[in-house]
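Residue numbers (the working numbering), protein chains in the order written: chain A, 1 to 407; chain B, 1 to 407; chain C, 1 to 140; chain D, 1 to 140.
Calculated from the structure, these hints are not laboratory results.
Where is the CB? At the ideal position from N, CA and C, for every residue including glycine.
Do not rely on the hints blindly, as some may be mistaken.
In silico EDC-like cross-links for lysine to aspartate or glutamate, where the CA-CA straight-line distance does not exceed 20 Å [what the hints assert, rightly or not]: (1) 189(A) with 244(A); (2) 54(D) with 268(A); (3) 239(A) with 112(A); (4) 263(B) with 112(A); (5) 44(A) with 48(B); (6) 10(B) with 112(A); (7) 370(A) with 257(B); (8) 18(B) with 151(A); (9) 370(B) with 262(A).
Derived CB-CB ranges, DEER-like [said to hold, decoys possible]: (10) 244(A) with 102(D): 31 to 37 Å; (11) 263(B) with 184(A): 29 to 35 Å; (12) 42(C) with 403(A): 38 to 44 Å; (13) 23(A) with 47(C): 45 to 51 Å; (14) 81(B) with 78(A): 45 to 51 Å; (15) 97(C) with 113(A): 36 to 42 Å; (16) 25(D) with 6(B): 33 to 39 Å; (17) 6(B) with 134(D): 58 to 64 Å; (18) 97(C) with 330(A): 42 to 48 Å; (19) 374(A) with 25(C): 22 to 28 Å; (20) 247(B) with 154(A): 31 to 37 Å; (21) 134(D) with 406(B): 36 to 42 Å.
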Amino acid sequence: MQKSIDEIRKDFPILNQKVYGKPLVYLDNGATSQKPLLVINAEKEIYETINSNIHRGVHFLSGEMTNAYENARTTIQKFINAKFSEEIIFTKGATDSINLVAFSFGEQFVNEGDEIIVTEMEHHANIVPWQMLCQRKKAILKVLPISDEGELIISKLDNLITSKTRLLAATHTSNVLGTINPVKEIIEKAHKQNVPVLIDGSQAILHSKIDVIDLNADFYVFSGHKMYAPTGIGILYGKKELLEKIPPYQGGGDMVDNVSFEKTTYAELPFKFEAGTSNFVGAVALAKASEYIESIGFEFIKKQETELLNYATEKMQTVKGLKIYGTSKKKCSIISFLVENIHAYDMGLMLDKMGIAVRTGSHCAQPLMKRFGIEGTIRASFSFYNTKDEIDSLIQGIERIRKMFND
Amino acid sequence: MQKSIDEIRKDFPILNQKVYGKPLVYLDNGATSQKPLLVINAEKEIYETINSNIHRGVHFLSGEMTNAYENARTTIQKFINAKFSEEIIFTKGATDSINLVAFSFGEQFVNEGDEIIVTEMEHHANIVPWQMLCQRKKAILKVLPISDEGELIISKLDNLITSKTRLLAATHTSNVLGTINPVKEIIEKAHKQNVPVLIDGSQAILHSKIDVIDLNADFYVFSGHKMYAPTGIGILYGKKELLEKIPPYQGGGDMVDNVSFEKTTYAELPFKFEAGTSNFVGAVALAKASEYIESIGFEFIKKQETELLNYATEKMQTVKGLKIYGTSKKKCSIISFLVENIHAYDMGLMLDKMGIAVRTGSHCAQPLMKRFGIEGTIRASFSFYNTKDEIDSLIQGIERIRKMFND
Amino acid sequence: MTINEIQNEIIEEFSIFDDWMDKYEYIIEFAKGLPAIDVNKKTPQNLINGCQSKVWLDAELIDGKLSFTADSDAIITKGVVALLVRIFNEQPATEILNTDLYFIAKIGLSQNLSPTRANGLLSMIKRIKSYALAFNSLEK
Amino acid sequence: MTINEIQNEIIEEFSIFDDWMDKYEYIIEFAKGLPAIDVNKKTPQNLINGCQSKVWLDAELIDGKLSFTADSDAIITKGVVALLVRIFNEQPATEILNTDLYFIAKIGLSQNLSPTRANGLLSMIKRIKSYALAFNSLEK
Ligand SMILES: Cc1ncc(COP(=O)(O)O)c(C=O)c1O
Ligand SMILES: Cc1ncc(COP(=O)(O)O)c(C=O)c1O
C-alpha cells in the first residue's frame, strides 16, 4: 500500500526538526537529498556485521561483503535497465564519473583540432572536465545554446556537429532551470553522425525511471547523495563496447590483472575502472536508496512532485516582481527565481531565518547565469517528501521579505 | 583512564560475533580495519541532524555541515601535524590521492626522459599510477630494490637518483612485510638532490603518530578505511607551495573560481583539488576516527601491537616449515608467511572455516612476490583490539592444517 | 571611541532583538547609512572575492588614520560591511591589526555568515587588516 | 550415470559431514584421485584466470564424449575441479551445456568459494561449458 506523506516523512528523521525555533522547511533537495532510515541503518548495520575488504579475501566476512557489493551493482543495473552489470562503475559521484570519461575517452579518441559539444545549461561538472581535456589535447569546446524559456535549441545541433565532433555531453535535467531535455532525441541526432553522447543524470535519476537502453545513452552519470543515498558514491554507466575501448583512468589495486615493473595488464570490466578500495559500503547504501525509491514508486513520486511544482509555480506568479527562470513545459520540481530589487543572497539569508532552506547563487552554472544576464538566482527544489504547507511557508516568507525591501 | 582490551572490543560491535559457529578472529586489519561505534554513530547522527550540501549554501544546515567538514580538515591537520589546514585534501582514498599527484605533478613537472623512482615493496597503488604517468609522458620508472630481510637498500638510492629524477614514491610501511621504512632518512637524501618525495602512509597512519613536518614529506597519503574510518574517504597531504604549483586534477563544482566557456579560473587550496560534492560525511567520520585513535593513544597502541607482533612471531617460529617473509627489525604488526607444501589459498580457506580471517595472495604487490620468488603469502595483521588468545587460535589453526597436509 | 567601545555599543544595540528578522531590519538600516564609495573606487582591485554578493572596499589614510568606504550589491552584506566600517573607521592601524572582533559571535553573525565557503565576512576583515598592515609599514 | 545422478551422489557423500574441516579432508581426497593432466597440457591456454591458485583444465573428445584432465597448485582448488571432472567427464556436450549445477549450493561451495572476485569455480565451469560448446559445434 502506498505510504502517506506523513508516513514518508517519518522515514527521514532529519526533516522533523526546528531551526531558529522554526520548523525546518528543506527545499534544497537539488543540492543534496535527505536519507531515509533504511539507507542510514544499512550503513550502520554493515559496519556492525560484515564490513571487510572485498574481492580478494578468502574469508567469510569478505565473501559476504563482496556479495553485498556485487549485488548492489546488479541492483543499480536493473534500476537504470543496463544490459550488463559490468556496465555499472562505482565512482565517487557524478563529477568523478564525468572526469573519468573526459580522461579515458579523451586519451583514446580526442586529438588536436577535434571538437566536444556541451550545452549552455550545464553544471560546471559537465563543463570544466571537457575544458581541461580540450586544453590538454588542443581540442575545441563548442556550445549548444538555449532559448529564453531555458530549452535547448535542438535545431542548432545539426550545424554544430561536424566530422570533428568526438562527443556530446548534455544534462538530462537542468539543476537551475528544471528543464527536462529531450535527451532521447538528442542522442538519436548525435548517433546519426556517429557522435557518442554522455548524459549527466544527476538531477534526473531521482525524479523518474531512467532506462539507458531506451535512451540509447553511451554514458550516463549520477551521484548517490542526490538520490537519497550517502555522500561519496556515484555511478558511471557506459556501454560495454565503449568502456572496453578506452584505457583505465586511475591505477592501483583491483584494476589490474598482472603487475610487473616491465609491463602491467589491466583487469576486465567493471574492475578496470575501479582502482583501489571501492566505497563498498556506500555502494550497498546506494542500492538500498534505489530500492527505497522503487518502494515509493516513480509514479507516486512524479505525481507528488508535479503537484508541488505546479502549486509553487502558480503561487509564485502571484508575487509582485517575482520572475521565474526556466519556463519550459517539461520541468522537474526545481524553480529558480528572483524578486525585483532583492539580491538572491539577501533573500536566501532571510528565508533561512524563517527555517526555510533554499539555495542561492550561480548553482555551479555560471555560463547559464551569463546567458540570462544575472549573477544568480534563488532556487527551491522539491522532493516527494515536501508538502504544500511547506510551499505556503516559502511563499509567505518571500512576501514578507519583498515587503521589507519594497515598502 | 586507559580502557582495557575488553572495553575496547566493546567499541567494535562487529568483533563480537561467530562465523561458522566459531568466534570470529579478525586478523585482516591490513586490508581494512573495523569501525568503533563512535565513528559508526557519527555518520548516522549527521544524516539524522545536519546533512546538507556544503560551502555554497546560505542556510542553517548547510552552515553546520560546512563547519563540521572544515573542522574535520583542521582535526586531520593536527592529527598529522601539517602546517596549514589547506594542505589537507579530502580524497576517495590513498589510491585516489596517489593518482591525483601522479596526474597533477606529472602534468607540471614530468617530461619525456624524466625519471620517477618507486621501491620494490610498493603496493600496486603506488606503482601503477606512476607507470601510467611514465607511459603518457615517455618517462622512465626506476626501482629501489630490497634486501632478503625485506628492507630497502638505501645505499643504492644515491646512484638511482639522477638529475632526471622528478619524484620518489615510497611506502612508509609495507602492507606485506610489515617493514617500517626509514622515510625521514630517505626524504633527506632525496631532498639533497632536490627530489620531492611522496610517502604512502596507508599502513603507517594507524600504528604511530605521523608528523609530516618532522618527516619533511612533500606528499603524504592514506585511506580512512584502514584507520577505523568508513570507506570512500582518504587524505592527500601536500606541501602548500607544491600544491599551489601543480594544476588541478578533476574539474567540476567547488574547485573553480570563475567559469566561462572562454576561460575558467580555479579556486584556492584546498578547494582546487576537491571537485564536486565532497564526501563530507565521510570526512567528519574520518576526523572522528582520528579522535578515537588519540583517545586510545598511540603509546598504548604501539605497546599493544608490538606485544602481539612479538608474541605471534615467536609462536610462528615454533611451527615446522613455517617461513616468515619480512624480518626487518623495524616492523608494524603485520606478518606474512607460508608453510611448506601448503598453498596460501588452501591455508586461508581452512583458517576461515575455523573463524579466522586472514588474507592470502599477492596483496596487491606482485613485484614484491616476484622478488621473493613466490606467488603469494598468508598475511595476519593485528590491530590493538586483537588479543593473544586470538593469536593462539591462529597458531592452533595453522598447526592443525599443517598436520592435515604433512601427515 | 575605541574599537572595543564601538563593539560593545553594537552588541548592546543588537541585544534588544530576539528575532532574526528584526536584526536584519537593523542591519539594513546600517546599510543605508553607509557612506557611499566613490564610483571610481568600484574597481576589480577593491572587489572582495569569495562572497555570493559583491563587496567593494576602499581605504584612505587621512591624518594618520584609516578611512573606509564600501558598497555591496546585497543589502545585508552591505549592512555587515557598514558595521565593520563603523568599528574601524578612523582607528589607528596598529589598533586595527590587534583587534579581536568578539562582537561577531555576540550578535550571532559568525554562525550566520559563515556558511559560504570563502566566508564573505572573513574576507572583508582580512582586507581591512591588510590595509592596516600596508599603511602601518608605510608609516615606518 | 547422468550428470544429475552424479550430483546427487556427491550431495549424499557430503551430507554426512557437518564440520567444514571434514569436508575439506574429503575434497582433498578427491584432489588426490584426479587423473593427472599431461605435463604438456599445462599451457597458458589451459590456465584458468582469476583464481588465487592456478588451475589448468584440458579436454579431449573421445568417442563423441568429452574427457577432462586438470590440475591445480592448491589442493582444495584441485579437489573442486576434480568434483567437476567427475561430474562432466564422458558426458555428452549437449548435456554439459544444459546442466544446472545445484550440487554447489547443496554442499556449501557457492558460499565458500565465491569470495574471490573473479570466482575460480565460476571460471572453471565457464571453461568446461565453452569446451562443450566448441565440441558441440564441431559435431554439427
Ligand atoms: C601500502 C598500501 N598502499 C596503498 C593502499 C591502497 O589503499 P586504498 O585501496 O584504500 O586506496 C593500500 C591498501 O591496501 C596499502 O596497503
Ligand atoms: C546537473 C548536475 N550535474 C552534476 C552535478 C555534480 O554532482 P556531484 O557534486 O555530486 O559530483 C550536480 C550537482 O550539483 C548537478 O546538479
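Hint by hint, here is what the structure shows:
Between residue 189(A) and residue 244(A) the alpha-carbon distance is near 24 Å, which puts this suggested pair outside the 20 Å criterion. Restraint check: the Cα-Cα separation between residue 54(D) and residue 268(A) comes to about 18 Å, which is no more than 20 Å; the hinted pair holds. Restraint check for residue 239(A) and residue 112(A): not satisfied, since their Cα atoms lie roughly 25 Å apart, outside the 20 Å limit. Of the supplied pair hints, the one linking residue 263(B) and residue 112(A) holds, its CA atoms being roughly 19 Å apart against a limit of 20 Å.
Note on residue 44(A) and residue 48(B): the hinted pairing holds, with a Cα-Cα distance of about 13 Å set against a maximum of 20 Å. A threshold of 20 Å between alpha carbons decides the hint, and for residue 10(B) with residue 112(A) the separation of about 60 Å lies outside it, so the pair is violated. With a CA separation close to 15 Å, the supplied pair residue 370(A) and residue 257(B) stays within the 20 Å bound. For the hint linking residue 18(B) to residue 151(A), the alpha-carbon distance of about 59 Å lies beyond 20 Å, and the restraint is violated.
Of the pairs offered as hints, the one joining residue 370(B) and residue 262(A) holds, with about 12 Å between alpha carbons and a cut-off of 20 Å not exceeded. One distance hint, 31 to 37 Å for the beta-carbon pair residue 244(A) and residue 102(D), holds here, with the actual separation near 33 Å. The hint said 29 to 35 Å for the Cβ distance between residue 263(B) and residue 184(A), and at roughly 33 Å that hint holds. A hinted range of 38 to 44 Å for the beta carbons of residue 42(C) and residue 403(A) is inconsistent with their spacing of about 29 Å.
For the hinted restraint 45 to 51 Å between residue 23(A) and residue 47(C), the CB-CB distance of approximately 38 Å leaves it violated. For residue 81(B) and residue 78(A), the hinted distance range of 45 to 51 Å is satisfied, since their beta carbons lie about 48 Å from each other. As the Cβ distance of residue 97(C) to residue 113(A) is approximately 55 Å, the hint placing it in 36 to 42 Å is violated. Between residue 25(D) and residue 6(B), the C-beta spacing of about 36 Å keeps the proposed range 33 to 39 Å intact.
Taken as a hint, the range 58 to 64 Å holds for the pair residue 6(B) and residue 134(D), whose Cβ atoms sit roughly 60 Å apart. Taken as a hint, the range 42 to 48 Å is violated for the pair residue 97(C) and residue 330(A), whose Cβ atoms sit roughly 57 Å apart. About 26 Å separates the C-beta atoms of residue 374(A) and residue 25(C), a value consistent with the hinted range of 22 to 28 Å. Evaluation of the 31 to 37 Å hint for residue 247(B) and residue 154(A) yields a pass: the beta carbon distance comes to about 35 Å.
Between residue 134(D) and residue 406(B) the beta carbon distance is about 40 Å. The supplied range of 36 to 42 Å therefore holds.
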